[in-house]
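Position chains R, B and X against the provided structure of chain H, taking the given hints into account.
Number of protein chains: 4
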Amino acid sequence: MADAQAPSAGAFQAREHGLPVRVYYEDTDFTGLVYHASYVRFFERGRSDFLRLAGADHTVMATLGTAFVVVRLEVDFRRAARIDDALLVATRIAAMRGPRLRFAQRIDRGGETICRASVDAACINAAGRARRPPSELIQALAPYLPLH
Amino acid sequence: MADAQAPSAGAFQAREHGLPVRVYYEDTDFTGLVYHASYVRFFERGRSDFLRLAGADHTVMATLGTAFVVVRLEVDFRRAARIDDALLVATRIAAMRGPRLRFAQRIDRGGETICRASVDAACINAAGRARRPPSELIQALAPYLPLH
Amino acid sequence: MADAQAPSAGAFQAREHGLPVRVYYEDTDFTGLVYHASYVRFFERGRSDFLRLAGADHTVMATLGTAFVVVRLEVDFRRAARIDDALLVATRIAAMRGPRLRFAQRIDRGGETICRASVDAACINAAGRARRPPSELIQALAPYLPLH
Amino acid sequence: MADAQAPSAGAFQAREHGLPVRVYYEDTDFTGLVYHASYVRFFERGRSDFLRLAGADHTVMATLGTAFVVVRLEVDFRRAARIDDALLVATRIAAMRGPRLRFAQRIDRGGETICRASVDAACINAAGRARRPPSELIQALAPYLPLH
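Residue numbers (my numbering), protein chains in the order written: chain H, 1 to 148; chain R, 1001 to 1148; chain B, 2001 to 2148; chain X, 3001 to 3148.
Hints are computed from structural coordinates only; laboratory data are not their basis. All values reported here derive from a predicted model rather than from experimental measurement. A virtual CB, placed ideally from N, CA and C, is assigned to each residue, including glycine. Keep in mind that a hint or two might mislead.
[Said to hold, decoys possible] Estimated spans, in silico, between C-beta atoms of each pair: (1) 1065/R x 2134/B: 31 to 37 Å; (2) 1097/R x 2142/B: 53 to 59 Å; (3) 1126/R x 12/H: 42 to 48 Å; (4) 3097/X x 1067/R: 39 to 45 Å.
Next up, chain H with everything else stripped away, as it sits in the complex (with noise of 0.2 Å):
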């Protein structure tokens, strides 16, 4: 039963990354509907395990000495969610260039795209300053990014 007691990481078709997320008490808010700034913790979540699949989890990324800060995010909200929605997370890389990685996010529910993302990522390095992504990190990121 090891599988069962395991939080799934989500997994990648092809270069695209599908984090499925159940909405909870915490994620609502008193007008019925999920509240805005947790579809944002959503995105995070699906970043993080993006990552963890690929092989940068943050134990990984601190031995690089780097991690990413979040510095700019944009979120188009098109249709609510709701307590015990099963929703799908789904993640995947628009652009790398110097220290900065593009993500490009969805939320779907049942097949309907209900939230987009784009978020902004720096690399940083251990003293907080923009670095290129050292290269087991570009190594490790190089299947899911995007074709030319």
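For chains R, B and X alone, coordinates are given in the frame of chain H:
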């Protein structure tokens, strides 16, 4: 790939429900560890998925004109969880009497219990008054009640 | 001591509203800095208290049969906030057209802007459909609309 | 206008600290009421500002090579708070012995207590081990200890 795309609601082993939970950024604080109120959210996810698998998700409860509200909470914190940790929230019913349901819960990491909780919930009607659980709910919970 | 015991809803200076916000444990993450989605919560508090002081808190809005929902969010993160920081959330209306209201917001620390946001909210009726704000709401917001 | 632009850290009345807290969207859930774990966050804000006003904010604590961690939490929920509510978090020290500090806390709304908590915190050193609070910290807390 349908299965991989649905969020896990955990599983029962006899009368105990287990829900795998991953620690993300949102769950930690500046001390580097998991924020103490995050465990309270994890316990709530465990109870929600316990009830979901028992056939009493929020939609069903609303149809029955009832809901649970937390009236008392006791939490003992023993070890600290960290970013990326894979946790297991274990939930069982410790007692049911009148409108009250007591849950005994714990959070394990790698087989070690790091946190325990005792949570009292009260069944209320649409007007917010305490009431005995409707018979459909009692039937749904019967397989998970403690033996006497 | 009544004053000291009421939560501050901030204050207007001309058309700009300022809300003081303290950084607590709950707002930080394991990197030692403020979690990026916490700024999104801070911006929402700023908009809520802007509307409260303009005479349009949630009770008033409900009486008018209307509410605002966030439909688009852009956030630029420039500097990181830390535990115990005293922040100021500045909020003004950048545009109002049809059912849409655009808020321009920023978060300052010690006079320096550390984060900026542009937030589009849509006015909806009780059925969830976009509608022009009711005239009482337009009148309440009139003093804070941008000059042309 | 400096005062109006600084977040309130509340105030002491004799040995009891009071912190005003507003209920925002983020604190509520789909039932229309405040989410139960939000009260746990409110209590933590109360303890943080108690310690801040007593001269022991996180920076001071870090300088002393110490920190507090929550080891046990008991919360009784009596009445439900709602969006826009103005709450007051009252905090006092109930006991101090060895490395442990016990806080007695409650949340009032309009003079009525809606929630009570007893929170045990342990003083730890930089290595995470329980220790007696350093003498500077004991001196800072002395005026707020219970009379015998």
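Verification of the hints:
1. 1065/R x 2134/B: 31 to 37 Å: holds, 33 Å
2. 1097/R x 2142/B: 53 to 59 Å: Taking Cβ atoms as reference, residue 1097/R and residue 2142/B lie about 57 Å apart, which means the hint holds.
3. 1126/R x 12/H: 42 to 48 Å: About 45 Å separates the Cβ atoms of residue 1126/R and residue 12/H, which means 42 to 48 Å holds.
4. 3097/X x 1067/R: 39 to 45 Å: holds, 41 Å
Consistency note: the structure conflicts with none of the earlier hints.
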